[in-house]
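Could you put the whole structure together from the sequences, leaning on the hints where they help?
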Amino acid sequence: NAGVTQTPKFRILKIGQSMTLQCTQDMNHNYMYWYRQDPGMGLKLIYYSVGAGITDKGEVPNGYNVSRSTTEDFPLRLELAAPSQTSVYFCASSRDGEQETQYFGPGTRLLVL
Amino acid sequence: DQQVKQNSPSLSVQEGRISILNCDYTNSMFDYFLWYKKYPAEGPTFLISISSIKDKNEDGRFTVFLNKSAKHLSLHIVPSQPGDSAVYFCAASEGADKLIFGTGTRLQVFP
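Those protein sequence lines, which keep their order, are chains A and B. Residues in the first sequence are numbered consecutively from 1, following our numbering. Residues in the second sequence are numbered consecutively from 114, following our numbering.
Calculated directly from the structure, the hints in this document are not laboratory data. One or more of the hints may lead you astray.
As the list claims (entries may be wrong) - Derived lysine to aspartate or glutamate pairs resembling EDC-like cross-links, with alpha carbons at most 16 Å apart:
1) A:Lys44 <-> B:Asp210
2) B:Lys181 <-> B:Glu207
3) B:Lys181 <-> B:Asp144
4) B:Lys211 <-> A:Glu100
Here it is as structure tokens:
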């Protein structure tokens, strides 16, 4: 049982490039989330999903897109990367009825230059 | 507007002593509160939670206290151990909705 896995661990992007951050969970959780954490700040919710085919915006969705075609996978797409998107990105999942108790992946560190 | 605040960025405690981490919130509609622990280069892990209908929840060395009138919660770790050295995030939710996280407190437990 690997829990929540994220790839890549670290990536450097040039301004204007795009990339997809991958997230997979093997706990059969319906709820999945993407957060970003900037230095000295708390986690901010980017997008979340309550099940396959259903996604919704969080607090800071601008510049990002998501899709949820399967229960297991919840990729985060960055289009036209900007320096303001330099951050650590965490994916998380949770069970129905226990949404507050979230299981996090190890994070992806992204640097946009 | 920061709805969940952790005003102490860091805390240093001697091994064996009590660690007290504090968290304040502004939204009186929050009904569930949690503490997450984060080691470097890892994702946060759930530590302990409390519902707004309670004022205390205990799990081993960890106890969370909730003071709704003051909109304040605290995490007590006793006795503190070097392995407790990590960043601790307070989080809150309203009606099983999205979590709002504080900025974190870095706890260092020294021998």
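Cross-check of the supplied hints:
A distance of roughly 14 Å separates the Cα atoms of lysine 44 of chain A and aspartate 210 of chain B; the hinted pair therefore holds under the 16 Å criterion. Between lysine 181 of chain B and glutamate 207 of chain B the alpha-carbon distance is near 14 Å, which keeps this suggested pair within the 16 Å criterion. For the proposed pair lysine 181 of chain B and aspartate 144 of chain B, the alpha carbon gap of about 10 Å is at most 16 Å, so the pair holds. Our distance criterion of 16 Å between C-alpha atoms is met by lysine 211 of chain B and glutamate 100 of chain A, whose separation comes to about 8 Å.
Consistency note: the structure conflicts with none of the earlier hints.
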